[in-house]
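2 protein chains.
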Amino acid sequence: MARRIVVIGGGAAGASAAAKARRHDEEADIVLLNEGRDISYGACGIPYWISGVIPSIGALMVFSPRRFGARYNVSVRNFTRVREIKAEQKKVIVEHVREHEVYQLSYDSLIICTGARPVLPDVFRVEGPIFALRNLVDAEKLKSFLKEYTPQSALVVGAGLIGLEMTENLQKIGVKVTLLEATDQVLPSLDLEMASIVHAALKRSGTAVLTGQAARVVEVKAPDRVVVTTSKGETIETNLIVVSVGVEPNSELCESAGLKYGPRRTIFTERDMSTGVEGIWAAGDCTHSWSAVTGQPLWLPLGSVANKQGRTAGANAVGQALKLSPMVGSTIAKVMDLTVAKVGLSQKEAESAGMKVICSYTHPFDRAHYYPGAEMLSVKLIAEESTGAIVGAQIIGREGVDKRADVFAMAIYNRMTCDELGNVDLHYAPPFAPAKDVCNVAAYVADDIRRGLERVVAPQEVDQDFVSRSDQVLIDVRTPEEYQMGHIPGAINVPLDVLREQSDSLDRRKRIVLYCKTGLRSYLALRILANKGFEDVWHIGGGYVSWEESFGG
Amino acid sequence: MARRIVVIGGGAAGASAAAKARRHDEEADIVLLNEGRDISYGACGIPYWISGVIPSIGALMVFSPRRFGARYNVSVRNFTRVREIKAEQKKVIVEHVREHEVYQLSYDSLIICTGARPVLPDVFRVEGPIFALRNLVDAEKLKSFLKEYTPQSALVVGAGLIGLEMTENLQKIGVKVTLLEATDQVLPSLDLEMASIVHAALKRSGTAVLTGQAARVVEVKAPDRVVVTTSKGETIETNLIVVSVGVEPNSELCESAGLKYGPRRTIFTERDMSTGVEGIWAAGDCTHSWSAVTGQPLWLPLGSVANKQGRTAGANAVGQALKLSPMVGSTIAKVMDLTVAKVGLSQKEAESAGMKVICSYTHPFDRAHYYPGAEMLSVKLIAEESTGAIVGAQIIGREGVDKRADVFAMAIYNRMTCDELGNVDLHYAPPFAPAKDVCNVAAYVADDIRRGLERVVAPQEVDQDFVSRSDQVLIDVRTPEEYQMGHIPGAINVPLDVLREQSDSLDRRKRIVLYCKTGLRSYLALRILANKGFEDVWHIGGGYVSWEESFGG
Numbered sequence: 001m002a003r004r005i006v007v008i009g010g011g012a013a014g015a016s017a018a019a020k021a022r023r024h025d026e027e028a029d030i031v032l033l034n035e036g037r038d039i040s041y042g043a044c045g046i047p048y049w050i051s052g053v054i055p056s057i058g059a060l061m062v063f064s065p066r067r068f069g070a071r072y073n074v075s076v077r078n079f080t081r082v083r084e085i086k087a088e089q090k091k092v093i094v095e096h097v098r099e100h101e102v103y104q105l106s107y108d109s110l111i112i113c114t115g116a117r118p119v120l121p122d123v124f125r126v127e128g129p130i131f132a133l134r135n136l137v138d139a140e141k142l143k144s145f146l147k148e149y150t151p152q153s154a155l156v157v158g159a160g161l162i163g164l165e166m167t168e169n170l171q172k173i174g175v176k177v178t179l180l181e182a183t184d185q186v187l188p189s190l191d192l193e194m195a196s197i198v199h200a201a202l203k204r205s206g207t208a209v210l211t212g213q214a215a216r217v218v219e220v221k222a223p224d225r226v227v228v229t230t231s232k233g234e235t236i237e238t239n240l241i242v243v244s245v246g247v248e249p250n251s252e253l254c255e256s257a258g259l260k261y262g263p264r265r266t267i268f269t270e271r272d273m274s275t276g277v278e279g280i281w282a283a284g285d286c287t288h289s290w291s292a293v294t295g296q297p298l299w300l301p302l303g304s305v306a307n308k309q310g311r312t313a314g315a316n317a318v319g320q321a322l323k324l325s326p327m328v329g330s331t332i333a334k335v336m337d338l339t340v341a342k343v344g345l346s347q348k349e350a351e352s353a354g355m356k357v358i359c360s361y362t363h364p365f366d367r368a369h370y371y372p373g374a375e376m377l378s379v380k381l382i383a384e385e386s387t388g389a390i391v392g393a394q395i396i397g398r399e400g401v402d403k404r405a406d407v408f409a410m411a412i413y414n415r416m417t418c419d420e421l422g423n424v425d426l427h428y429a430p431p432f433a434p435a436k437d438v439c440n441v442a443a444y445v446a447d448d449i450r451r452g453l454e455r456v457v458a459p460q461e462v463d464q465d466f467v468s469r470s471d472q473v474l475i476d477v478r479t480p481e482e483y484q485m486g487h488i489p490g491a492i493n494v495p496l497d498v499l500r501e502q503s504d505s506l507d508r509r510k511r512i513v514l515y516c517k518t519g520l521r522s523y524l525a526l527r528i529l530a531n532k533g534f535e536d537v538w539h540i541g542g543g544y545v546s547w548e549e550s551f552g553g
Numbered sequence: 001m002a003r004r005i006v007v008i009g010g011g012a013a014g015a016s017a018a019a020k021a022r023r024h025d026e027e028a029d030i031v032l033l034n035e036g037r038d039i040s041y042g043a044c045g046i047p048y049w050i051s052g053v054i055p056s057i058g059a060l061m062v063f064s065p066r067r068f069g070a071r072y073n074v075s076v077r078n079f080t081r082v083r084e085i086k087a088e089q090k091k092v093i094v095e096h097v098r099e100h101e102v103y104q105l106s107y108d109s110l111i112i113c114t115g116a117r118p119v120l121p122d123v124f125r126v127e128g129p130i131f132a133l134r135n136l137v138d139a140e141k142l143k144s145f146l147k148e149y150t151p152q153s154a155l156v157v158g159a160g161l162i163g164l165e166m167t168e169n170l171q172k173i174g175v176k177v178t179l180l181e182a183t184d185q186v187l188p189s190l191d192l193e194m195a196s197i198v199h200a201a202l203k204r205s206g207t208a209v210l211t212g213q214a215a216r217v218v219e220v221k222a223p224d225r226v227v228v229t230t231s232k233g234e235t236i237e238t239n240l241i242v243v244s245v246g247v248e249p250n251s252e253l254c255e256s257a258g259l260k261y262g263p264r265r266t267i268f269t270e271r272d273m274s275t276g277v278e279g280i281w282a283a284g285d286c287t288h289s290w291s292a293v294t295g296q297p298l299w300l301p302l303g304s305v306a307n308k309q310g311r312t313a314g315a316n317a318v319g320q321a322l323k324l325s326p327m328v329g330s331t332i333a334k335v336m337d338l339t340v341a342k343v344g345l346s347q348k349e350a351e352s353a354g355m356k357v358i359c360s361y362t363h364p365f366d367r368a369h370y371y372p373g374a375e376m377l378s379v380k381l382i383a384e385e386s387t388g389a390i391v392g393a394q395i396i397g398r399e400g401v402d403k404r405a406d407v408f409a410m411a412i413y414n415r416m417t418c419d420e421l422g423n424v425d426l427h428y429a430p431p432f433a434p435a436k437d438v439c440n441v442a443a444y445v446a447d448d449i450r451r452g453l454e455r456v457v458a459p460q461e462v463d464q465d466f467v468s469r470s471d472q473v474l475i476d477v478r479t480p481e482e483y484q485m486g487h488i489p490g491a492i493n494v495p496l497d498v499l500r501e502q503s504d505s506l507d508r509r510k511r512i513v514l515y516c517k518t519g520l521r522s523y524l525a526l527r528i529l530a531n532k533g534f535e536d537v538w539h540i541g542g543g544y545v546s547w548e549e550s551f552g553g
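As you go down the protein sequences, you meet chains A and B in turn.
For the first sequence, counting from 1, position 129 maps to 129 in our numbering; every step adds exactly one.
For the second sequence, counting from 1, position 511 maps to 511 in our numbering; every step adds exactly one.
Just so you know, the hints here were simulated from the structure itself, not pulled from any lab data.
Some hints here could point you the wrong way.
The list treats identical chains as interchangeable, and a pair is accepted whether it falls inside one copy or across any two copies.
[To be verified] Computed cross-link-like contacts, EDC-like style, restricted to lysine to aspartate or glutamate with a CA-CA straight-line distance of at most 16 Å:
# : residue 1 : residue 2
1 : 348       : 184
2 : 91        : 278
3 : 86        : 497
4 : 517       : 99
5 : 532       : 26
6 : 348       : 461
7 : 517       : 255
8 : 532       : 29
Please model the complete structure; the sequences and the hints are all you need to start from.
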C-alpha cells in the first residue's frame with residue numbers, strides 16, 4: 001500500500017515539502033492540512049500590496065490550494081488544524097476549524113510546518129484598529145481598513161525589517177508613520193552605528209522615530225483613533241497601529257508528540273529535519289536551522305530558509321537522504337531610498353558569542369566612480385581576529401547592496417578569510433563595479449587591520465570625550481576645502497599630500513588619530529607615519545562619513 | 001641606502017604595484033616609467049566616454065602622473081620606455097620616446113607592468129579612419145574623428161565584450177554599426193546557444209551582424225570612407241572601422257631579460273608574481289594568472305586582475321610575502337538592454353580541457369515574480385559530472401545579472417558543488433530575489449541532472465533532425481493556450497495537470513521528450529513519468545525559451 005505523508009501547514013515549508021515528496025514518490029498518499037485559506041503564498045510581498053506597489057493580491061497567491069493539489073496530486077484540506085499528534089500510533093487528531101469536525105488521520109511520515117505567528121504583546125490585545133500581519137487574510141483586513149478610513153497617521157510598533165517595510169509602504173500611500181521601538185535603535189539586529197544610517201534616512205523621509213520605549217497604555221477612542229502612552233510618558237494619537245515586534249514559533253504540537261524544543265521554543269530538528277521521534281519531521285519557521293558561523297542551532301524564520309527546510313524534510317520523508325546546509329542568516333530589506341542587508345553575525349552578536357573580532361568600515365562606490373549613478377556604500381565587515389575568517393557583514397546603500405550582501409554570504413558560508421575574499425576576481429565593468437570591488441576592498445581593509453598594518457578607531461567611539469583627550473592629536477588629512485566644509489571638533493588639518501613634509505612637526509609622544517572622508521587617505525597617511533617610526537598611530541574606520549553616520553549626521 | 005624599485009608601466013598593475021610598495025616602505029626610491037601620457041586611467045570606461053555616457057575624459061584619469069607622484073612619493077617619468085633589461089647587472093636601459101634621450105637606471109626590484117596592446121591584423125594597417133583603442137590618446141583620436149566627420153556608419157571588427165560595448169556606444173550616438181566577427185558567433189568565449197541570445201538582441205537593436213567572416217580587403221576611399229571586402233565576398237562601405245579583435249601581451253622585454261614565456265606569450269610568473277629571475281616581478285596584462293578551475297596558467301587581461309597582480313608584485317618587491325589567488329575569470333558587459341556575464345569555463349572550454357560536464361539551463365525571475373519589474377534571466381550552469389563541482393556559468397538578462405555572476409564566481413572560487421550552492425541562504429526580499437534564488441535554482445537543477453533525477457536534452461540539439469525522429473514523442477506540457485501561441489514543430493500537447501491521467505496512453509517503447517516554457521513544469525512531468533516506470537524520459541533544458549534563444553527566436 002502507498003505510504004501516507006501528512007504535512008501540517010501550507011506555507012513555504014509545507015508546500016515545498018509536499019512538492020518535493022511528490023517528485024520522488026508518485027504513489028504516496030500526500031495530505032496537506034492547512035489551517036487557513038491560502039497556501040504557498042508570498043507573505044513577504046504583503047507590505048508592497050498594502051501600498052499598491054504590487055497591484056493585485058492574486059499575484060501573491062503562487063498557487064491556489066486547488067491548483068497546488070492538482071499539480072502535485074496532493075489532498076489539500078483547508079481550514080484544518082491538528083489538535084494533537086499521537087506519535088506512538090502514528091496518528092494526528094485533526095479538526096476542521098469552521099465545521100468543528102474532528103477526525104483521526106494516520107500517517108507513515110509526518111512533516112510539521114506550522115510556521116510562526118506575530119508576537120502580540122498584551123497591551124495590544126484590545127478591540128480596535130490594531131493589526132499584526134501574518135497572512136493574506138490579515139493583510140486584507142488592513143487594506144479594508146485603509147480603504148474605509150483613509151487614515152492620516154499610523155503607529156508602527158517594532159523597527160525590525162518588516163516594521164520598516166511597513167513604514168515605507170504606509171508612507172507611500174500618504175500615511176504619516178510614527179515608529180516605536182523598545183530597544184535603543186532601529187534594526188536591532190544591526191550594530192548601532194550602522195542602524196544609525198537607517199535612522200537618519202527614516203527621519204529624512206518624515207518618519208517620527210521613537211526608540212528606547214514601549215507602549216504602556218493603549219486606548220481605543222474610535223474605530224480609527226487610538227491613543228498610545230509609552231514607557232517614557234510620550235503620548236501618540238494615531239489612526240491605526242501595526243504591530244511587528246517579531247514572531248514566535250507555532251510549536252505547541254511538541255508537547256503532545258513528545259518532541260524536544262530547540263532555541264526560542266522552536267521544534268528541535270537534526271540536520272535532516274528529523275525530530276528524533278520516528279516518522280516525524282519539521283520544517284519552516286516552526287523549527288530552527290544551524291548556523292554556518294557558530295555551528296549552533298539558530299532560528300531563522302525566513303521564507304528562503306523555509307523553502308530549503310521543506311525540500312529537505314519532504315525528500316527525507318519519502319526515504320531520500322538530504323541534509324540541510326548550515327545557514328548564514330542573510331537578511332535584506334528596502335527601506336525608503338536605501339537597501340539594508342545583514343548577513344552572519346553583527347559585532348555585538350559575535351562578541352556576546354565570545355568571539356574576538358576586528359571590523360572594517362569602508363565606503364566604496366557601487367560601480368566605477370566615473371560611471372553615471374555611482375554612489376558610495378557603507379560597509380561593515382566583521383572577521384574573527386584569530387583566524388581572519390569572515391563572520392558577518394552589514395551593507396547599506398542605494399544600488400548594488402544585494403549583490404555585495406550575497407558575496408559576503410558566500411564568503412561566510414565557505415569560511416573564507418579576509419585575505420582570500422580580498423583577492424577574488426569578481427565581475428568588473430564600469431556599470432557594475434569598481435575594478436577593486438566593494439567586497440574586495442572591505443576584505444583588504446579588514447585583513448590589513450588584522451595584520452597590524454592599520455589600527456582603527458571605530459567611528460562610534462569618536463565622541464566628545466574622545467576628541468577632547470589631551471594625550472592625542474586628531475588630524476584631518478583631507479584637503480583644506482574639505483576640512484572647511486566640516487570636520488570633527490578638535491581636529492587639525494594636515495592634508496595627506498603634505499604630511500610627509502610636515503611629519504617632523506608632529507609630537508611623537510602623543511597618540512595620533514587620523515581621518516579623511518572614507519578611510520582610504522587616512523590609511524595612506526597612517527602608513528607614512530608608521531613607516532617613519534611613529535608608534536602610536538590610528539585612524540578612524542570609515543572616516544568622516546562613518547563618523548557622521550554614527551552620530552546621526 | 002634606500003632600495004630602488006623600478007616599475008615599468010603606469011596602468012592598473014603598475015600604479016597598484018608602486019602604491020602598494022610605498023605603503024610598506026616609506027624610504028624606497030620608487031620610479032615609475034610610463035610610456036604614455038596618462039597613468040592609472042579607467043581604460044574600461046572608454047566606450048562610455050565615446051558615447052558621452054561619461055561626459056568628461058577627466059573622469060577616467062584617476063590620478064594625473066603629478067598627483068600620483070605626490071601622493072605616493074613616486075618619481076613618475078612619462079613618455080619613457082624600457083629598451084632592454086640587463087638582469088645580471090640589475091639595470092634597465094631607458095629611452096625618453098620624445099626626446100630620444102637614452103640612459104641606464106639601476107634597480108633593486110623591477111616590476112614589469114607593460115600591459116597588452118590591441119591586435120591589429122595586417123589588413124587594417126593602412127592609413128585611414130581605422131581605430132584600435134588602447135589608451136586615452138587613442139580614444140581622443142576617435143572622439144575627434146566623430147566630431148569632425150559625424151559619421152553615419154561604423155564597422156566594428158571583433159564581437160567580443162569590448163566590440164559589443166563599442167557597438168552599443170556608437171549606436172547610442174546615432175552611428176549605425178555593422179559587426180564583423182571571424183568565428184561563427186558573437187561573444188566567442190560564450191557557448192553558442194547563450195551567445196545566440198545576444199546575437200538576437202544585437203539584431204533587434206539594428207546592428208548588422210556578420211559572423212564567420214573576416215576582412216580580406218580594406219580600401220580607404222576618403223578620410224571617412226572605407227570599403228571592406230570580407231572572406232565571404234561581402235562588401236561593407238563604412239565611415240570608420242573600430243578593430244577590437246583582442247589584445248596581445250607586451251612581453252618583448254622577456255628576451256633581453258632572459259625571462260620565460262607563459263601562455264599566449266605572456267611573461268611567465270609564479271604565484272608571487274616573481275619571474276624566476278632575481279629581482280624581477282611582472283604584473284598586469286603582460287603576465288598570466290592561475291585558473292581556480294584547472295589550476296593551470298591562464299591569461300586574463302582584465303583590469304580587476306591587473307590590480308590584484310600589481311598589489312601582489314608591489315608587496316613582494318619590498319620584501320612582503322603575498323601570493324596571488326587563483327582567478328575564476330569573471331567577465332561582464334552591458335550590451336544594449338542586456339547584461340552578459342561569463343565566469344569560469346564555458347561548456348566547450350571545459351570539454352576541450354577533457355572534463356566531462358553537465359549543464360543546467362534555467363530561466364528564473366530576477367526578483368519575486370510578483371514584484372514590479374521582475375524579468376526572466378537566462379542561466380547556464382556548468383558542473384563537473386564526476387564531482388558536481390561548479391566550473392562555469394553564463395548569465396544573460398536585464399537586471400540582477402552581475403549579482404548572480406558574482407555568486408557563481410564565489411562558488412567556483414570555493415570549489416562548491418551544485419548541491420552546496422543550491423542550499424545557501426542568499427538574501428531574499430521581494431525587490432531583490434525570489435525566495436529560491438536564481439543561483440539556488442540553477443544549482444538545484446544541475447544537481448538533479450547529476451543525480452539522474454532528470455535527463456536533459458540541450459536546447460540547441462533540438463533541431464529539425466531531432467524533432468523529426470520517429471523513435472520518440474515530443475510533448476509540450478504547457479497549457480493549450482501557450483501551445484497555440486507557438487510550439488516546437490512536431491510536438492503534441494499534454495498539459496502537465498492532465499499528464500497523470502493521460503500517461504497510460506503514451507507509448508512506453510519510445511523515448512519521451514518533454515518541454516514547457518522554462519523547464520520547471522517539464523521537470524515535474526518527467527518526475528511523474530519516471531516515477532510511473534517510464535524508462536526513457538527526457539526534457540529540454542531551459543524549455544521553449546531556451547529553444548527559441550538557441551535558434552535565434
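Hint-by-hint comparison with the structure:
Within a single copy, residue 348 and residue 184 get their C-alpha atoms as close as 14 Å, which meets the 16 Å cut-off; across copies the closest is 56 Å, which misses it. For the homomeric pair residue 91 and residue 278, the shortest alpha-carbon distance inside one copy (12 Å) is at most 16 Å, but the shortest distance between copies (77 Å) is not. Taking CA atoms no more than 16 Å apart as the test, residue 86 paired with residue 497 passes in neither setting, with 76 Å inside one copy and 35 Å between copies. When the C-alpha separation of residue 517 and residue 99 is checked against a cutoff of 16 Å, the pair qualifies neither within a copy, at 66 Å, nor between copies, at 41 Å.
For the identical chains of this complex, residue 532 and residue 26 are inter-copy neighbours only, at 7 Å across copies versus 74 Å inside a copy, given an alpha-carbon limit of 16 Å. For the identical chains of this complex, residue 348 and residue 461 are intra-copy neighbours only, at 15 Å inside a copy versus 55 Å across copies, given an alpha-carbon limit of 16 Å. Taking the shortest Cα distances, residue 517 and residue 255 never come within 16 Å of each other, neither inside one copy (57 Å) nor across copies (46 Å). Within a single copy, residue 532 and residue 29 get their C-alpha atoms only as close as 77 Å, which misses the 16 Å cut-off; across copies the closest is 15 Å, which meets it.
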